[in-house]
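Undergrad: Since chain A is already given, all that's left is putting chains B, C and D on it; use the hints.
Protein chains in written order, with my numbering: chain A, 34 to 382; chain B, 34 to 382; chain C, 34 to 382; chain D, 34 to 382.
One thing to keep in mind: the hints can contain errors.
Identical copies carry no separate label here, and so any pair may be met within one copy or between two of them.
As the list claims (entries may be wrong) - With a straight-line cut-off of 30 Å between C-alpha atoms, the simulated DSSO-like cross-links for lysine-lysine are:
1. K281 x K258
2. K36 x K166
3. K36 x K283
4. K285 x K258
5. K302 x K283
6. K285 x K36
7. K36 x K281
8. K258 x K283
9. K36 x K378
10. K166 x K281
11. K378 x K281
12. K378 x K283
Treat the hints as calculated values from the structure; they're not laboratory data.
Next come the chains, spelled out residue by residue.
There are 4 protein chains.
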Amino acid sequence: MSKIPVTVLGATGAVGQRFVQMLAEHPFFEIVSLSGSQRSAGQRYGEACRWVLPGSPPESVCQMRVSPTTTDLPGRVAFSALPAGIAREVEPQFASQGYAVCSNASALRQTTGVPLLIPEINADHLAMIPTQKSVLGWKGLAVTSPNCTTNGIAMTLKPLDDAFGVETLFCSTMQAISGAGYPGLPALDINDTVLPYIQNEEEKIQSETNLLLGRMVNGERLPAKITVSAHANRVPVVDGHTITMSIKFKTKPSVADVIHILESFRGPKEVAQMPTAPRQPIIVRREADRPQPRRDRDAGHGMSVSVGRVRSCPIFDIRLVTVVHNTVRGAAGGSVLNAELLSAKGLLD
Amino acid sequence: MSKIPVTVLGATGAVGQRFVQMLAEHPFFEIVSLSGSQRSAGQRYGEACRWVLPGSPPESVCQMRVSPTTTDLPGRVAFSALPAGIAREVEPQFASQGYAVCSNASALRQTTGVPLLIPEINADHLAMIPTQKSVLGWKGLAVTSPNCTTNGIAMTLKPLDDAFGVETLFCSTMQAISGAGYPGLPALDINDTVLPYIQNEEEKIQSETNLLLGRMVNGERLPAKITVSAHANRVPVVDGHTITMSIKFKTKPSVADVIHILESFRGPKEVAQMPTAPRQPIIVRREADRPQPRRDRDAGHGMSVSVGRVRSCPIFDIRLVTVVHNTVRGAAGGSVLNAELLSAKGLLD
Amino acid sequence: MSKIPVTVLGATGAVGQRFVQMLAEHPFFEIVSLSGSQRSAGQRYGEACRWVLPGSPPESVCQMRVSPTTTDLPGRVAFSALPAGIAREVEPQFASQGYAVCSNASALRQTTGVPLLIPEINADHLAMIPTQKSVLGWKGLAVTSPNCTTNGIAMTLKPLDDAFGVETLFCSTMQAISGAGYPGLPALDINDTVLPYIQNEEEKIQSETNLLLGRMVNGERLPAKITVSAHANRVPVVDGHTITMSIKFKTKPSVADVIHILESFRGPKEVAQMPTAPRQPIIVRREADRPQPRRDRDAGHGMSVSVGRVRSCPIFDIRLVTVVHNTVRGAAGGSVLNAELLSAKGLLD
Amino acid sequence: MSKIPVTVLGATGAVGQRFVQMLAEHPFFEIVSLSGSQRSAGQRYGEACRWVLPGSPPESVCQMRVSPTTTDLPGRVAFSALPAGIAREVEPQFASQGYAVCSNASALRQTTGVPLLIPEINADHLAMIPTQKSVLGWKGLAVTSPNCTTNGIAMTLKPLDDAFGVETLFCSTMQAISGAGYPGLPALDINDTVLPYIQNEEEKIQSETNLLLGRMVNGERLPAKITVSAHANRVPVVDGHTITMSIKFKTKPSVADVIHILESFRGPKEVAQMPTAPRQPIIVRREADRPQPRRDRDAGHGMSVSVGRVRSCPIFDIRLVTVVHNTVRGAAGGSVLNAELLSAKGLLD
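So that you can see chain A by itself, here it is in the shape it has in the complex (with noise of 0.2 Å):
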């Protein structure tokens, strides 16, 4: 079988080149075309790109040319890394001209019809696609991945939820410097220090929580209802997000339960057959100080949630601890197992 040819827009930013190390050499995918500003267009990607992450831009790559971010690039799904004020006018362009925009930019997630997704728990939001197509008119389509410290607070709440109920989250993040993209945070603003604000980040988490874990009634996504409050810090960790949470259930489970729940959790079968998939989505940690950032970000290649500390919370009924890593599970990587769930169910045929 021949790969589906793709394209990534804003592939000079720190997601986008996250998806190009991710694409280079994807068994179903392959990029044959590459966009980003106004700038960097015309130049050899080897050249246009500073390259932050370890090594060097795959050799398939670098020789490729940067396009500006225009609907005549070559490519059936279009993954964007897009900024979130360029996404919100371009995306909607590309899903109308029937690519299938994977987006892990802000802009299309709570537009009606565009499921956030993360594939280990909530697939069956792909249902939203047909609205989609009726209200929207798109040709194409458009699904999205969650803010990145969504994703690990989502995917440690939803077995949970379907166990016990979820009512209430507090959580206090202490979050990469990788999430503010690059050049982002200054270093003089986080070398030995917190920075105990992200712009937007807590609504965020508190909005897209709801949403991730929200059902489907007849074709139509209603959002959960769980009470969230979100405390936002910066802290100077290179990659992984770590999270506190403190959680009130319908039913108070035992520590046990939780770990229980946490550690069979393991997704519809068709997504663990992905090739981004991780084995075990949620791995728990029984150390006392795990998880941490620096030693297990890199769980499942950055694909798995790791959870430890749980443990009874004198307020709510259980406190746990949360890493994810940002611009793998949180990004990039959530973008591309969505195209590869979009493969699987037929979507990009």
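TA: Just chains B, C and D, lined up with the frame of chain A:
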């Protein structure tokens, strides 16, 4: 007036060094002896001590000999930076022999009759001293300063509790590495990562907060009854603990109310006149991204607590962030201020 | 005596903020105006400036309006923290109009007649000023302070050069992130890594060292002829540059000789009396592992250079390590001391 | 072919863990025993060992019992990650009893007849083994791998020495914290600072470089006679040593010559075929600011050395920067490659 002679117990450790630094040119006190471990006893302080603070140990102290920790040490006040295990055994001996023990160790914090003290917020707890004398039969006395993190929490909560009644507190900490002492944390455990666990820290926060905010009734301290849930984390920051908090009150205040109460808090007049007391115990920052440990830990020479991001909370009433200097206000500085209060109250005569 | 009115050019940047901090309560000088970019002109300094130093901008300055950088700014002295490009154009205009320009920018450092000045080591270079006046025809004058790293190097070498004659210098630097200004370095480029390149830095070290150690002959500066090879690197440290050096002398000194000469160096008496001059320009550390940037950068309020690990070199004669505070001695503090020297010499009358 | 049984001495330490990680699924070798300190002997490896690498210890090893370090341990090869003091005593016993000792410790590096080995550059030093047997009378044998920093230096110099003759080397290092083992460096000693001293490191660099680049004459190793001056520093980087170098050659090469020689270096064919050997031992980076430890340490799975900033030197001939992964190429990986070479040479039969 001649200065009051004092001894520093455990003077070569990280907190001991802060004591030495803060007492070397103190207007009330004069270091007349120093104690250290078996290994360092007999050496000059300048040689025995691997100085971990900036610069060098004060010249006036460098030539003093380190003594073993025995109750024949010259001094009227004994500042204790002893490890918990040794403190438990030794501090009662010093108090019994007539010293005024001002301890930063956790050993006596929960002992009946021993005040856990932050002068600005509960100087009235000194009324426990007569009970202490009668119950424990000591010739001298002992007061303790709280855990470094709890210091920041209690300073923030006390004026709010007086005004609106604090019912419930959710908090998540991002604590500095100096809080673990020296040698303390291996660099491999904290560089480019977060350690989501600090032994006994969550328990201390939960219990000491209630002791500090307790009320005196007939010479007895009735602990407060705030339900506290804490998540304690270590982050790669040298000095300064950052704490995110969500607070539920008996009487719901507005954001403006909270800011006003915090900013106008001054503590008792006689405390405010002490040499180590900051001009303003609580500083409220208006910037979106303050307080931060590197930029705010030295506020009020490390004795002010900085609060910011005061905003409403989707679950409780108010969210905010506090930064406290963990080895100044949260350790040695707190105990020095306690001794200044004892002096002002005539308890060192 | 009333204070001398001064202006700070480029006052909102990282070095500009240090100027403001050091001048806010200066015994000789009084800030009467401030300049900034187009974007910040017209705003109050407290709003225009994202303060990157600890704490807050001085209250006395917060309410002042930021002006555009034009030569009708009130002030007798113009402290310049302008970017190199703008400085090249603007600083001569200010000097021409009668201001005494004390610049930290690199623009005029190589200009004929403009002294590159570190008061302790080459105050006699002020004898270039008459040439400056005659050649450039300025109503005012200009003096410059050297590159931050070169500051530490030249301070260390000068007394040794006087005593033993410096022939050759190998050096490798480990420079702090604040040296790159604000926003400066992206955090992703320096966290958990080393950046083995700083644009133009090696060239500056090589040429400015020779200017600083030059001799005055008949009012003309003859540069020294030290062969310098520099390797410039950025490391994840907030403040304080560390420099390893191997030095070859005309007359080979012993390790003890070198320590003695460095430690007894004081600079000219009239410089030592200036308010910003440190008590001891060069501090020699005896510990095996000092100087270190975090523990030694603030020596002499950031104006002393710390030297340690003085030992023999298998290739040249002596190896040693120097630490200098890059934004105090190495930037604003150096220029303030230059202005103090101008004042003492009657060049501001 | 069945695998060769091996033991890992000092398996619970930081380097021991790298051995376990690299040997767990090795095509030639199979771990059949593990040794640790008295304290850990008898425990399962998974419990005895505080795993400091990412993820978890390999499952195949977790259940193995840790043994005391005695010469009845099963295994044909003994990989040693023992502390220097213990290694000095124990490694000769193992070699004497018939084990092939592949050591990463410094104990035997200077012993007559014991090769200090980097297979790509001095595989011919194995010709010392007959001398070793005759002089030391061991039933088995011992080979050692060099100090982590020297690894990167010698790899860089060897092809250049062959081509142009290296006469003199000035180097200044910026070494990662993992090089100090675990617990190793206290976090308070390295966060936001540089430690300009590493015990014995400069001496090791100076002497081991000459052993590694020595020539074999009649079965005897004649050390090279390069004059080396080293400045060793620790910086806040987790993994990866960075070394700045200035090199003087017998025949002065151009920058292009140096790049060409480094880039085309491959080492002996039989070494290049070994499973742990990298495809390219030396990678030359062209970017202005590479190599950097975070982005280049994992090149060639941590076994390639990265070189960059090749440029002329005002004092010597050439300046450049090298990055080497200190716990892979510079420690366990180097010793595993040594063992693979022994196997290829029939020395394990």
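Undergrad: Determine for every hint whether it applies to the structure shown.
TA: Checked hints:
1. For the homomeric pair K281 and K258, the shortest alpha-carbon distances inside one copy (13 Å) and between copies (21 Å) are both at most 30 Å.
2. In this assembly of identical chains, K36 and K166 lie within 30 Å of each other by CA distance solely inside one copy; the values are 25 Å within and 59 Å between copies.
3. When the C-alpha separation of K36 and K283 is checked against a cutoff of 30 Å, the pair qualifies neither within a copy, at 46 Å, nor between copies, at 55 Å.
4. Taking the shortest Cα distances, K285 and K258 sit within 30 Å of each other both inside one copy (18 Å) and across copies (24 Å).
5. Proximity of K302 and K283 under a CA criterion of 30 Å is satisfied intra-copy only: 28 Å inside one chain copy versus 50 Å between copies.
6. Taking the shortest alpha-carbon separations for K285 and K36, neither the intra-copy value of 48 Å nor the inter-copy value of 52 Å comes in at or below 30 Å.
7. Taking CA atoms no more than 30 Å apart as the test, K36 paired with K281 passes in neither setting, with 46 Å inside one copy and 53 Å between copies.
8. For the identical chains of this complex, K258 and K283 are neighbours both inside a copy (12 Å) and across copies (25 Å), given an alpha-carbon limit of 30 Å.
9. Proximity of K36 to K378 under the C-alpha cut-off of 30 Å is restricted to the intra-copy arrangement: shortest distance 16 Å within a copy versus 45 Å between copies.
10. Neither within a single protomer nor between protomers do K166 and K281 lie at most 30 Å apart by alpha-carbon distance, with minima of 38 Å and 46 Å respectively.
11. Taking CA atoms no more than 30 Å apart as the test, K378 paired with K281 passes in neither setting, with 35 Å inside one copy and 47 Å between copies.
12. Taking the shortest Cα distances, K378 and K283 never come within 30 Å of each other, neither inside one copy (34 Å) nor across copies (53 Å).
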